[in-house]
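*Asks:* Whenever a hint applies, use it, and build me the whole structure from the sequences.
Each protein sequence line maps, in turn, to chains W and D. My numbering puts the first residue of the first sequence at 1, with every later residue one more than the last. My numbering puts the first residue of the second sequence at 306, with every later residue one more than the last.
Honestly, the hints are just simulated from the structure, not real lab data. Every value quoted in this text rests on a predicted model; they were computed, and no experiment measured them. Every residue, glycine too, gets a C-beta built ideally from N, C-alpha and C. Keep in mind that the hints are not guaranteed to be accurate.
Facing chain W, a subset of chain D residues (Cβ under 10 Å, in silico) [to be verified]:
(1) Ile476
(2) Ala519
(3) Thr757
Derived DSS-like pairs: lysine-lysine, alpha-carbon spacing no greater than 30 Å straight-line [said to hold, decoys possible]:
(4) D:Lys570 - W:Lys159
(5) W:Lys39 - D:Lys433
(6) D:Lys570 - W:Lys52
(7) W:Lys39 - W:Lys52
(8) D:Lys450 - W:Lys80
(9) D:Lys450 - W:Lys52
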Amino acid sequence: MGKYILKRIVLALVTIWAVATITFFLMNLVPGGPFLSEKAISPAATAALEAKYGLDKPMSERYFTYILDAAHGDFGDSLKQRGRTVMEIITTKFPVSARVGGIAVVLSLCLGVPLGILAAYKRGTFVDSLFSVIATCGIAVPSFVICTLLMYAFGVRLKWLPTLGLEGWKGYVMPVCALAAYPTSYIMRLMRSSMLDVLGQDYMRTAKAKGLSQKVALFKHAMRNAILPIITYLGPMIAYTLTGSFIVEKIFTIPGLGGEFIKAINGRDYTMIMGTTIFLATFMIIMNVVVDIVYKLVDPRITLK
Amino acid sequence: MKKRILPLLLAGAMVAGLAACGGGSSAKTETKAAETQAAETQAAGETEAAAEGESTGEKELKVQIGPNPETIDPALNSAVDGGNMLLHAFECLLIVDQDGVLQPGQAESWETSEDGLTWTFHLRDGLKWSDGTDLTANDFVYSWKRVCDPMVAAPYAETVLGMVKGYSEAIEGNLDALGVSAPDDKTLVVELTAPCSYFGSLAAFATLSPVQQATIETNGDAWATAPETYVSNGPFYMTEWEVGSHITFSKNPYYRDADAIKLDKLTFQLIEDANAAYSAYQNGSVLFIKDVPTEEIPSLSGNPEFFVDPIIGTYYVNLNNDKECFQDARVRRALSLAIDRNYVAGTLMQGTYSPASNFMGPGWIDTDGTEFMANANGGKPYIDNDNFEANLAEAKELMKEAGYENGEGFPAITYSTNDSGYHKVVAEYLQQAWAELGIQLDVKTVEWASFTPMRRNGEYDVARNGWVGDYSDPSNMLDLLYSTNGNNDGKFNNADYDAAMDLSRTTLDPAERSKALHTAEDILMEEAGCIPIAYYNDFWLQSPKITGSWHSPYGYWYFMYADIAE
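*Replies:* What follows is the structure in structure tokens.
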């Protein structure tokens, strides 16, 4: 196991380097730059800005400087949010997104798994069909529609919940629901089909034959085997959800990280693009390693090489 | 058997742990949020109390004018939302009052030498920073030199200080060359290379706000990001900035006119989404929003809380004068005349813009202080928008004269724009309108960051453009069409136009200067150097509870003297 983890770490570093390199050159190929405005600033001012942030140097030199600095943990200053470093922006904004996203992940697991099992168990009944309709809606309806509907109903009409910010638990209700809708539905469907698979297995018949109660058979024997696909899905899902959603954060005015990904690209904030990309890539890789380990723990038949 | 439950628990713990992890690292933010909440609940309660007539509590006005500003460093800001905040946090030498007239600000008086080359400002007594320390003329010297500093790279440096002696050396790094000096603590002397009749407007421009040397030298660029280091000298000073959430300014007790300030707090809610802003307005979380969703506008017309007010600026279309097909002025004029501006502004843009008949719209001030537009073209509009049929007929005639009857022989052209606001709607309209002349127009939509350099480099046939004035002197916009101007995206190149603009820069006689500026606009409209479409307006929602605030044609809202009524 130790050897396996070490191997994964080395591989992860190579992957992150590759992601950083590709992003660096791709973003520099895109036309535009960070110091544009509708009103042209004077060539002297543009030149001064470029000199200040080292953008006047050849691309290869900038690349090596960046990689070296990044390796030392220095991700530079944001080119657009003047006076703030990339690290500072990520470390203040990520916790906000992670808090909302974390609750959404827990909620989608707590709802999705049991409902999926129930749907599988009640296969073909009204309950199954109802869940299926709900899950389809949750997957098909885009989050901005869910956000807008929630906002209109609970924020504007009923005035039960605040429409902006995260002040108090009430502020979390709508963003968490909007974020959890898709993963809940997805987990529910995944759980249902994987559960159906398992329920048809011989050992389930054996369990029934030897007189185990439904509860024990379902939750102890069937769930254990059926949960594997969910764990696979959880890795990237957690990484994506915890780093925030551009739409949900924009609509509910949440100062999270989600918007920074998009804004950095639209504004050609090169250092922010690099910082957020490397951050997401690293997070994603870590989650995948964690998933592999959890896999092994849940199903000892799997060997990690 | 028990052992096997462990992995499952671990799987659960992994999720829970992660969530906790997120929560743990943000404990500080949480506490802060909780404090904020407590403070706000208190403030809200007190506002209510205040509204009920017990004027004991704090008065906090919450408004929305845009998302998180990129910067609120006066030297670095070039955005209108940042400008609105600077207006409340800083005070320049001069200020613009409700009627657009220059008034004493930090300076109590000022005078110009006879040759127009030396401006002397006399500061008031007892000026202070928001941290209580003294503010002197030397602070202005430092701040203005800082604007020229290449390491600061202020985007507006040339606009506001380009005419000051030694500017070209200063932007190379020799800051002491700049012709700004303080013979004593209360006098600031500015020497110019050429007379600049509107320098007073520049002295009221946010870029030239005084900034405190001590805080900047200690904190670097980051000084303008935290309340502890953001020292200012205006009616308010920053007490809170939660990035992406809100910026709160509190009344500055050291402000020279602090007694007249009624609000205790002014909070800018940094809402990015227009629908979210509208919801916040509807449920009373904010009393003012600038970002009104365009789809709500038809339902808001006639609503006394919905305001539309002009700002100095024009939405126009550039024809790339370098392209052969646009070198004939008759073609350019025809394209301009074939546009039904009343329809574009009134219907397509839902009345949030006003149809343009001139290049220089309402709000620009002539050298004698009257409206520039009223004196243009002998008081007549250049384009008679109420007579579209006649205009269209003239356009067809012009095309015929130019040898392109019914568009025959005219190449297919492309209209480039980015996709936001009404840009696409206008593009589709032009497609239709110019088809009347037999011209085929293709529309190319490009993302903003790619569009801007494309337009600047002249890689287009026709492109949308627009300008919102920085100060009300007409040169601010007429300069755009000067052959060598960096913003002359249409590459308009007319010797007579340049000569008129040159004259307007050098003459000391206001009447002659006015004539030169009007001549320039005459040439521009006759030659159709660009095609004005509509004048910009600001439109916003404002609760009747706000009293004593006003909107200026520069796109600023003044809340410093505002009050919240019952």
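*Asks:* Take the C-alpha atoms of Lys450 of chain D and Lys80 of chain W, compute the straight-line distance between them, and say whether it is at most 30 Å.
*Replies:* holds, 23 Å
*Asks:* Classify the hint on Ala519 of chain D as holds or violated, based on whether any CB of chain W lies nearer than 10 Å to its CB.
*Replies:* violated, 16 Å
*Asks:* So if I understand the rule, the pair passes when the alpha-carbon distance is 30 Å or less; does Lys450 of chain D with Lys52 of chain W pass?
*Replies:* holds, 17 Å
*Asks:* For Lys570 of chain D and Lys52 of chain W, compute the direct alpha-carbon distance and say whether it is at most 30 Å.
*Replies:* violated, 36 Å
*Asks:* With a cut-off of 10 Å, does the beta carbon of Ile476 of chain D approach a beta carbon of chain W closely enough for the hint to hold?
*Replies:* holds, 5 Å
*Asks:* Within a Cα-Cα threshold of 30 Å, do Lys570 of chain D and Lys159 of chain W meet the stated pairing?
*Replies:* Holds - the C-alpha atoms of Lys159 of chain W and Lys570 of chain D are around 25 Å apart, at most 30 Å.
*Asks:* With the threshold set at 30 Å, check whether the alpha-carbon distance from Lys39 of chain W to Lys52 of chain W stays at or below it.
*Replies:* holds, 21 Å
*Asks:* Has the given pair, Lys39 of chain W with Lys433 of chain D, been kept, meaning a C-alpha gap of at most 30 Å?
*Replies:* violated, 34 Å
*Asks:* Closer than 10 Å between Cβ atoms is the bar; does Thr757 of chain D clear it against chain W? Give me holds or violated.
*Replies:* holds, 5 Å
The structure fails hints 2, 5, 6 (numbered hints given earlier, in ascending order).
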